[in-house]
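Chains A and B are the protein sequences, given in the same order.
Here the working numbering is used: the first residue of the first sequence is 1, the next is one more, and so on.
Here the working numbering is used: the first residue of the second sequence is 1, the next is one more, and so on.
Any given hint might turn out to be false.
[Stated by the list, open to error] Straight-line alpha carbon distances no greater than 30 Å define the calculated DSS-like cross-link-like pairs of lysine-lysine that follow: (1) Lys172(A) - Lys71(B); (2) Lys183(B) - Lys144(A); (3) Lys144(A) - Lys71(B); (4) Lys154(A) - Lys144(A); (5) Lys104(B) - Lys183(B); (6) Lys149(A) - Lys172(A); (7) Lys133(B) - Lys149(A); (8) Lys104(B) - Lys149(A); (9) Lys172(A) - Lys154(A); (10) Lys178(B) - Lys133(B); (11) Lys113(A) - Lys104(B); (12) Lys71(B) - Lys133(B); (13) Lys9(B) - Lys172(A).
[What the hints assert, rightly or not] Computed spacing ranges between beta-carbons, pair by pair: (14) Asp22(B) - Glu78(A): 37 to 45 Å; (15) Gln136(B) - Ala44(A): 32 to 40 Å; (16) Ser93(A) - Thr13(B): 44 to 52 Å; (17) Thr13(B) - Asn49(A): 28 to 36 Å; (18) Gln136(B) - Asp195(A): 28 to 36 Å; (19) Gln136(B) - Thr147(A): 26 to 34 Å; (20) Gly38(B) - Asp195(A): 54 to 62 Å; (21) Leu88(A) - Gly38(B): 55 to 63 Å.
[To be verified] In silico contact screen, one side only, chain A against chain B (beta carbon under 10 Å); selected entries: (22) Thr4; (23) Leu5; (24) Arg38; (25) Asn49; (26) Glu137; (27) Val143; (28) Thr147; (29) Leu173; (30) Ser177; (31) Gly180; (32) Thr182; (33) Ile183; (34) Tyr184.
These are calculated hints, taken from the structure and not from any lab test.
Heads up, the beta-carbon is just placed ideally off N, CA and C, and yes, glycines get one too.
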Amino acid sequence: MTATLRIAVAEPSIILRNGVISVLQQLPGLNIHVVEIRDPEQLAVSLCNHRPDILLVNPASPGLPPVHRLRQQTGCREMRCVALLTALTDRESLKAFDESISLYDSVEQIAGKLQRLVSAPAARREPAGTLSVREREIVVCIVKGMTNKQIAEKLFISTHTVITHRRNVAAKLQIHSPAGLTIYAIVNRLVDLDDIRGTIPDGGERPGGREL
Amino acid sequence: MENLYKLGKYKETDRMCDLICDHYPMLLVMSRFGIPLGFGDKSIREVCAENGVDTDTFLAVVNLLREEGTKADTGNVSVESLISYLRNSHDYFLEFRLPAIRRKLIEAIDCRRSDVSFAVLRFFDEYAGEVRKHMQYEEETVFPYVESLLTGRTDPAYNIGIFRKRHDQVEARLSELKNILIKYYPAESSNELNGVLFDIFSCQRDLASHNYVEDHLFVPSIVRLERERGGRS
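All chains should be built: construct the whole structure from the sequences, respecting the hints.
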């Protein structure tokens, strides 16, 4: 399963907006969550709330601030902006955008453009799901309930490095909580239940044990 | 909500049965407002009136959920009615939906691999505990604040902005459980496991919808109320 790609579609025309959204939802290989923005006045507020990865916006929208200012205002610095071209648009005004999609693009062209936009940082990542030896050690420590400081001392690394490893683990596995990592660690035989009994808050009794 | 159906807002003169048949998730909305089935061909207004439900509030929730992304019209919303809806919604998740998923989870996960089953259940119980805490805060802090605001008392120490800031996405961890089961749970696919996964997918969406109503209808209504009562907005 691929990570969710959050795309905001800012287009006041319901016909265009629904058309674009229905195409986005059919794109193969991309798990897309769409945020609809109908009212141009709500653009900045919606972006602040939803923090999309990609903004798809008509460059001719009335009152649209320059792209760089929009990123600044909303704090979405990583957000990529794609121009939705519904009419002839002069090239100069498109320079600030990362990409543009025309009403006449095919599904494959649109998928290709979006994939190129998001694959730049993703390419650096290792294949999801495979942890390095060090990352496995970190997982074991986390599920045993150790703090970042304790993990750092045990493995002779800085807490900063521990935090970086934790972030990478969360990104690779798409698991963010210690309880979730516990399941992963048991399934992959990194620990067994006896190792982690001490971390169970109610003193080791199974939650709903009688039902097991 | 998915866009499967008729476009445009529902009006009070539309038939209740058309709404429910076109948008089956609205069954949940209906029952949280305390409206029973068996309403024949009556209009939304008639069915609401018979059951003592504020029609405008009902329609505001329905139309907001159908068209997420629209700005909710808080003008005619009855705050009392909305709070009662949210309370019933909390009950539904805490007393019915999550316990049902837990039961199915126990049936679905292989109890011979008891370590994994134990870890999965622990994860679920921690999650359910978080949802409970999240909803309890609303029941014990936010709703009483709003109810006293309705009787004209303002509270200098609290305003709805505090809630708006700390209101988190309670469905995120359910999506994590789903990922864990799909990607890492080492079991043959079974009807039981598929069943509980379907439930988790749909519960996740229902929780998101519940939150959406709180963020986009409840909070704006209270901001408005605060402004009217001369409190802070």
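Against the structure, the hints:
no.: 1; hint: Lys172(A) - Lys71(B); in the structure: 37 Å, violated
no.: 2; hint: Lys183(B) - Lys144(A); in the structure: 22 Å, holds
no.: 3; hint: Lys144(A) - Lys71(B); in the structure: 46 Å, violated
no.: 4; hint: Lys154(A) - Lys144(A); in the structure: 13 Å, holds
no.: 5; hint: Lys104(B) - Lys183(B); in the structure: 19 Å, holds
no.: 6; hint: Lys149(A) - Lys172(A); in the structure: 23 Å, holds
no.: 7; hint: Lys133(B) - Lys149(A); in the structure: 29 Å, holds
no.: 8; hint: Lys104(B) - Lys149(A); in the structure: 39 Å, violated
no.: 9; hint: Lys172(A) - Lys154(A); in the structure: 23 Å, holds
no.: 10; hint: Lys178(B) - Lys133(B); in the structure: 21 Å, holds
no.: 11; hint: Lys113(A) - Lys104(B); in the structure: 42 Å, violated
no.: 12; hint: Lys71(B) - Lys133(B); in the structure: 29 Å, holds
no.: 13; hint: Lys9(B) - Lys172(A); in the structure: 42 Å, violated
no.: 14; hint: Asp22(B) - Glu78(A): 37 to 45 Å; in the structure: 39 Å, holds
no.: 15; hint: Gln136(B) - Ala44(A): 32 to 40 Å; in the structure: 34 Å, holds
no.: 16; hint: Ser93(A) - Thr13(B): 44 to 52 Å; in the structure: 46 Å, holds
no.: 17; hint: Thr13(B) - Asn49(A): 28 to 36 Å; in the structure: 34 Å, holds
no.: 18; hint: Gln136(B) - Asp195(A): 28 to 36 Å; in the structure: 33 Å, holds
no.: 19; hint: Gln136(B) - Thr147(A): 26 to 34 Å; in the structure: 28 Å, holds
no.: 20; hint: Gly38(B) - Asp195(A): 54 to 62 Å; in the structure: 56 Å, holds
no.: 21; hint: Leu88(A) - Gly38(B): 55 to 63 Å; in the structure: 58 Å, holds
no.: 22; hint: Thr4; in the structure: 9 Å, holds
no.: 23; hint: Leu5; in the structure: 15 Å, violated
no.: 24; hint: Arg38; in the structure: 6 Å, holds
no.: 25; hint: Asn49; in the structure: 8 Å, holds
no.: 26; hint: Glu137; in the structure: 19 Å, violated
no.: 27; hint: Val143; in the structure: 9 Å, holds
no.: 28; hint: Thr147; in the structure: 18 Å, violated
no.: 29; hint: Leu173; in the structure: 8 Å, holds
no.: 30; hint: Ser177; in the structure: 6 Å, holds
no.: 31; hint: Gly180; in the structure: 5 Å, holds
no.: 32; hint: Thr182; in the structure: 5 Å, holds
no.: 33; hint: Ile183; in the structure: 4 Å, holds
no.: 34; hint: Tyr184; in the structure: 6 Å, holds
Taken one by one, the earlier hints fail for this structure at numbers 1, 3, 8, 11, 13, 23, 26, 28, listed in ascending order.
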